[in-house]
Amino acid sequence: MSTATILTLRTALVASLMGSLLVQVGILPAIWRDLETAPLAWRVAAVSILALWVVCLQVVAVCVWRLVSMAAAEAVFSVGAFRFVDIVIGAITVAAVLTAGLATLLVPGDVAPGVVGLIYGAAVATGGVALVVVVMRSLLRKAIEMRTELDEVV
Numbered sequence: 000m001s002t003a004t005i006l007t008l009r010t011a012l013v014a015s016l017m018g019s020l021l022v023q024v025g026i027l028p029a030i031w032r033d034l035e036t037a038p039l040a041w042r043v044a045a046v047s048i049l050a051l052w053v054v055c056l057q058v059v060a061v062c063v064w065r066l067v068s069m070a071a072a073e074a075v076f077s078v079g080a081f082r083f084v085d086i087v088i089g090a091i092t093v094a095a096v097l098t099a100g101l102a103t104l105l106v107p108g109d110v111a112p113g114v115v116g117l118i119y120g121a122a123v124a125t126g127g128v129a130l131v132v133v134v135m136r137s138l139l140r141k142a143i144e145m146r147t148e149l150d151e152v153v
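For the sequence shown, numbering that gives the first Met the number 0 assigns the number 0 to the initial residue and increments by one for each residue that follows.
One should not assume that every hint holds.
[To be verified] Once the Cα atoms are required to be at most 25 Å apart in a straight line, the calculated SDA-like pairs of lysine to any residue come out as:
(1) 141 <-> 100
(2) 141 <-> 67
(3) 141 <-> 79
Since the hints were derived computationally from the structure, they do not count as laboratory data.
Here the structure is a predicted model, which means the values were calculated and not measured.
Construct the complete structure from the given sequences, taking the supplied hints into account.
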């Protein structure tokens, strides 16, 4: 992996983490205040879903950072990479479930059905991203097996 690619990806990850901290510190409390007229249980559920979704983003960013570090050190083709890939798959799956939960929370409200449908669509798309990472995990496993075989031959 080129130095420019690594630097660009790390810059994007830092921006993502900084933005997520801004959401946690500034935007989530504002959403909590904006929902003051909503029933308490609904308000807690909505803000909790959003907060957990942001945590999923942060977990993915940290794991990708670690995988980029492994790639930079040419150590990504090792069994240790699976731990981070598995965590990414789990975090993306949780984010998909949370997105569907948010859509479900909005169903009985005043939100337009099309908006709810779009949020459900986003949940399905997020689940699809998790499946893509599962496929990439299997490719990583195959690459590790091939590298191990090649090392034995050499």
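Q. Which of the stated hints cannot be reconciled with the structure, identified by number in ascending sequence?
A. 1
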